[in-house]
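Chains A, B and C are the protein sequences, given in the same order. According to the numbering used here, the first sequence is numbered sequentially starting from 499. According to the numbering used here, the second sequence is numbered sequentially starting from 499. According to the numbering used here, the third sequence is numbered sequentially starting from 499.
Warning: the hint list may mix true and false statements.
The list treats identical chains as one, so a pair stands whether inside a single copy or across any two.
Dumping the calculated EDC-like pairs for lysine to aspartate or glutamate here, alpha-carbon to alpha-carbon at most 20 Å [as the list claims (entries may be wrong)]:
id: 1; residue 1: Lys-676; residue 2: Glu-713
id: 2; residue 1: Lys-500; residue 2: Glu-512
id: 3; residue 1: Lys-574; residue 2: Glu-728
id: 4; residue 1: Lys-574; residue 2: Glu-627
id: 5; residue 1: Lys-500; residue 2: Asp-579
No wet-lab data here; the hints were simulated from the structure.
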Amino acid sequence: MKRFHSLAELDPEEVAALLALATRLEAAPEPSALAGRILGLLFFNPSLRTLASMQAAMARLGGSSIVLTPGSGTWKLETRDGVVMDGEAAEHVREAIPVLAGYVDALGIRAFAGGSDLAADLADSGFGEMAAACPVPTVNLESALDHPCQALGDWKTLDDLGIPGNGKFVLSWANHPKPLPLAVPAAVVHMAAARGMEVVVLRPDDYALPEPVLERARRAAAVSGGSVRETSDRAEALEATTAIYGKSWASPLHYGDAESEARLRRGLADWCIDLDWFDAAAPGCRFFHCLPVRRNVVVTDAVLDSPRSAVIGQAHNRMWVQMAVLHRLLGGVR
Amino acid sequence: MKRFHSLAELDPEEVAALLALATRLEAAPEPSALAGRILGLLFFNPSLRTLASMQAAMARLGGSSIVLTPGSGTWKLETRDGVVMDGEAAEHVREAIPVLAGYVDALGIRAFAGGSDLAADLADSGFGEMAAACPVPTVNLESALDHPCQALGDWKTLDDLGIPGNGKFVLSWANHPKPLPLAVPAAVVHMAAARGMEVVVLRPDDYALPEPVLERARRAAAVSGGSVRETSDRAEALEATTAIYGKSWASPLHYGDAESEARLRRGLADWCIDLDWFDAAAPGCRFFHCLPVRRNVVVTDAVLDSPRSAVIGQAHNRMWVQMAVLHRLLGGVR
Amino acid sequence: MKRFHSLAELDPEEVAALLALATRLEAAPEPSALAGRILGLLFFNPSLRTLASMQAAMARLGGSSIVLTPGSGTWKLETRDGVVMDGEAAEHVREAIPVLAGYVDALGIRAFAGGSDLAADLADSGFGEMAAACPVPTVNLESALDHPCQALGDWKTLDDLGIPGNGKFVLSWANHPKPLPLAVPAAVVHMAAARGMEVVVLRPDDYALPEPVLERARRAAAVSGGSVRETSDRAEALEATTAIYGKSWASPLHYGDAESEARLRRGLADWCIDLDWFDAAAPGCRFFHCLPVRRNVVVTDAVLDSPRSAVIGQAHNRMWVQMAVLHRLLGGVR
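So that you can see chain A by itself, here it is in the shape it has in the complex (with noise of 0.2 Å):
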C-alpha cells in the first residue's frame, strides 16, 4: 500500500486485511513494529481524534510524531498555483510538502473542504495536489470528499458490534449551526455500501447528497452485493434499520450560502436524533456519529448517554486503524 486516500481506492481484499490487521493489533500489542519511523501531521484544519490518535498510533507501534498547523506556529500556506505570493501566505505548499517530505517517513493532511465552490469541492483536488507533491506515503486525514480514517473505523465498529453485513445503514441528516463539509457522509455511505448494507439517506428534501458522491457508493454495492437509495421518509428509513448515523452536511442546492442555509434550517430544528428514533429500528441498531458531535443539536443526551451509543467505540477504533493503516504504508515489522 503507498497510500491512503480513500477506501474507494482499495479493493475488497485489501480492507479485510487493513481490518484484520487493526483486530490483531488491538489484541497483540507491536511495540517496536514502526521504531525510528516518523510521521508528519499537517492539520490545515482543528482536530481532537485524529490529532490524538494518530500521535497514540505511532507512539504505540514505537515511532513518532510531528504535528504542524500552518497559521499557528508555523507560516500559513499558499495552495493556489501561479499566484503571486504578496498576501497572507509566506510560504507555497509546492515547497513545504516536499520540504516536510524529507524529514518523515509519511505524511498525513487534514485539508478541509472551502466550502464555497460545490464542483471544486467535489473534484477534491486540495488535498489530491498537495498528496501528488508528496514523495512519501500520504494519508488522508479528511480532504473536501474523504475521510477514510473515519471509514475504516466505522467499518471495525459495525464488525465489533455485530451489525449484519447485509443490515440496513441508514445515514440521516442531522441540524447544526453551520453548514458542515461532505466528506464524513460521502465516506460513511461509501463505506457502507462496501460492505454489502442496505443504505437510506435520509434527509431533508434540500439536502440530497451529490449525485457523484452517491454514484461512488452505488458503485461500491454493486460489487458488494449492498444498496443505496435516499428518501426524505422518517419513518420508512427507520423501520427496521440495525444503524442510525447522524451527521450534518451543507445543502448542496445552497453550497456557500450561508444566509438561505441558515434560512432552511429554521425549520428543520426536529431532525434531532432522539431516542423515539429508534422505536421501529431493529433491537440491536446502535446510534453512530464521527464525532465532535453539537448535544441536543444534532442528537439529544437521552441517546448519547444511552446503551445506544456507539461513538465513543467508533472514536476508540479510529486508532486501531490507524495503526494499521501506518503498518501497511511503513511496512511494519513484527
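Take the given structure of chain A and dock chains B and C to it, following the hints.
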C-alpha cells in the same frame, strides 16, 4: 494509586513514598520504566512548567505525551451539562474525555477556576466532573482549587533545602495586575500544614483565604502536628520564619468584581516582596514562588536574583515529583 | 562543542567535522545515539523547517523534543531587564530559561530581530542574553543576526552539488511585501566567505548590508582565501556565477520605517529572480533560498520549478546538519 488530584487525598505514607520515589528517580534514571506508555495532556489554560515538565517526565521514563489545547488546534470544548450546543464549542467533554482515554494510559487536565463564582470554584467541580468521566488515571495539572504537582514539588524543595519540618512557613499575599485563582495558595497552605509546619497566611484585610481552604489545611495540621493561622501583621508574621512563599490571589470578598478588586489593589503596591522582608527571618530562610512570577510587582529583582530565591529549584522539582506520580499511576517497572 | 550560536564562532576544522558527521549520519543511521535525551525548542517566532527538522533530527537519533511557543499555549515572556512586569508578559526569560534547562538536555531558541532598532539587532543581544541564562547547551534557531543551522545546511548543499569551493557566490537581494531580518543574509554571506568563495552581494543602492555584517564575512574570507564585495550591477554580478542565493532583507537606511521602505520597494518589483538571471551564469549554477519563499515576488515559478532550484535539497540538509550539531552537543554515542 489510581489518581493524583490533591495531596489532601493521600495519607502521609503515600506522600512520603512519592517523595522518596522522586528522590530515587532524580539520583538513578529509569529510562525504560514507562516504555510504550502514553500520557495525554489536556490544557484548557496556558502553561510553561507543567507543559514542559510533564513531557520531560514521560520522556525520561521512556514514555511519550500528546498535548491537546481546546480552542487552539483542537475544538473548543463544552463543560456544562444539558446545554443545547449551538454556540462556539463544537464538542462536549463528555465525549472528549472518554475518547482520549481510549488513546492514552493516563490523562492530565489543566482547568483553572472560572474566577466569577466563588462557591463554584471552591467546589472544584469542573475538574472533578471531567476526571470522573475518565476511565484511565487522571492527574490534576491545576484545577480551580488545587495544584498537587506544585505542592508536592514544593514539599520536596523544602526537604532538599533542609527547611525544618516544624519550621515557620509564611504564605504571603503579593500584588499583581490581575485577580488570580486560589489553587496554588490552597494547595500550598495545605502542603505546608501536612508537612507539620507552623503556617502563617500573611495578607491584607480583604484577602483572608476562604474558610474551606483554611479548614482543609487545619485538618492536615491536626494530623501532622503543624498549625495554621492568618494575619495582616507583616512584622509578626515574618519574625523568625524559615520560608516566605509569595503568591497573589483574588480577594474572596470581591470575587469576580474586577473593578472593585482593582480599586482595592491601588493601595497595595507595597505588597511587593523585597529583601528587607527577610531582615527578621531565620538565617536560612528562602523565597518560594510557583512561577510564573511578575518581577517587581510580586517580588523584586533583588530577591529573585539573590541566593534567597528557591524558585528555580521548585520548578525543577516539578519534574522529579511528576515522574514519581506517573511511575506510580502507570505501574512503572524498574 | 558547548553551544551552536554561529558558524563565526567555529574554526574551520570544527565546521569540517560537523559537515563530515552530517554526511555520515545521512548515510548511516544512528537511531540510538541520543536515546533518552531531550531537546527543548523555544519558538518566539513561526517556523516550518526548523520546527519539523529539529524534531525529526532528535527522533532519528533516538531522542525526543518539547516545543514551547510563548503567547500560544505558553505565557508571553518578558525579555527586558529591570522592568516592572505589569503588562502582558506573565513570565520573564530569567526564570523561564533556567527552568526549562532543568527539564531538557539542550535548548534551541528562535528569537527574530525586533526590526526597529538596527544597532540593537546588530548587537544580537536578545538571543545572547537568553543563551547566557541557560546552563545547558543552546542552539541558535535564528536570532536577530544569525541562522547557523541554515548556513551549515547551505554549506553542505553547495558541497553536495559540487559547487567549487572557490566558485562565485551571488547573494542577491529580492523583492518582498515586508522588510525582513538580516539574519539569513548575514549568516549566508559569512558561510560562503568561510567556504572560500568569491562572494558578491547584489542589491539595490539602498540595501547595502551593514558594515559589521560585511566585516565579519571579510574576516572569514581572509582565513579561507575567499573574498567579499557588494554591487548593484546585476549583469556584472551574475556573470559566470556558480550560485545565486536569493533573499530579501530590510533596507538598513530605512530600518524600522515601514512606510519609507514600502515607497522604496514600489520601484523594485523587477528584483524578482527569473530564469534569465542565469543566462550568463556558469553552466551548473543553481538557485538557493532559505525558504519560506514567496513565489513570483522573490523568485518566479519558472526558477523554482526548474532543475536550477536547489531549495528542497537545502531544506533537507537542515535535518542532517542539525543531527550532527545535536550529536556533538549531546555527546551522541555510536
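Status of Glu-728 relative to Lys-574 across identical chains (alpha carbons, at most 20 Å): This pair counts as neither: shortest intra-copy Cα distance 40 Å, inter-copy 33 Å.
Identical-chain pair category, Lys-500 with Glu-512, by Cα at 20 Å: This pair counts as within: shortest intra-copy Cα distance 12 Å, inter-copy 41 Å.
Within, between, both or neither, where Lys-676 and Glu-713 count as close if Cα-Cα is 20 Å or less: neither (26 Å within a copy, 48 Å between copies)
Intra- versus inter-subunit Cα pairing at 20 Å for Lys-500 with Asp-579: neither (25 Å within a copy, 45 Å between copies)
Alpha-carbon proximity context of Lys-574 and Glu-627, limit 20 Å: So Lys-574 and Glu-627 pass the 20 Å test inside one copy only (17 Å; across, 30 Å).
Of the hints listed earlier, those the structure fails to meet are numbers 1, 3 and 5, in rising order.
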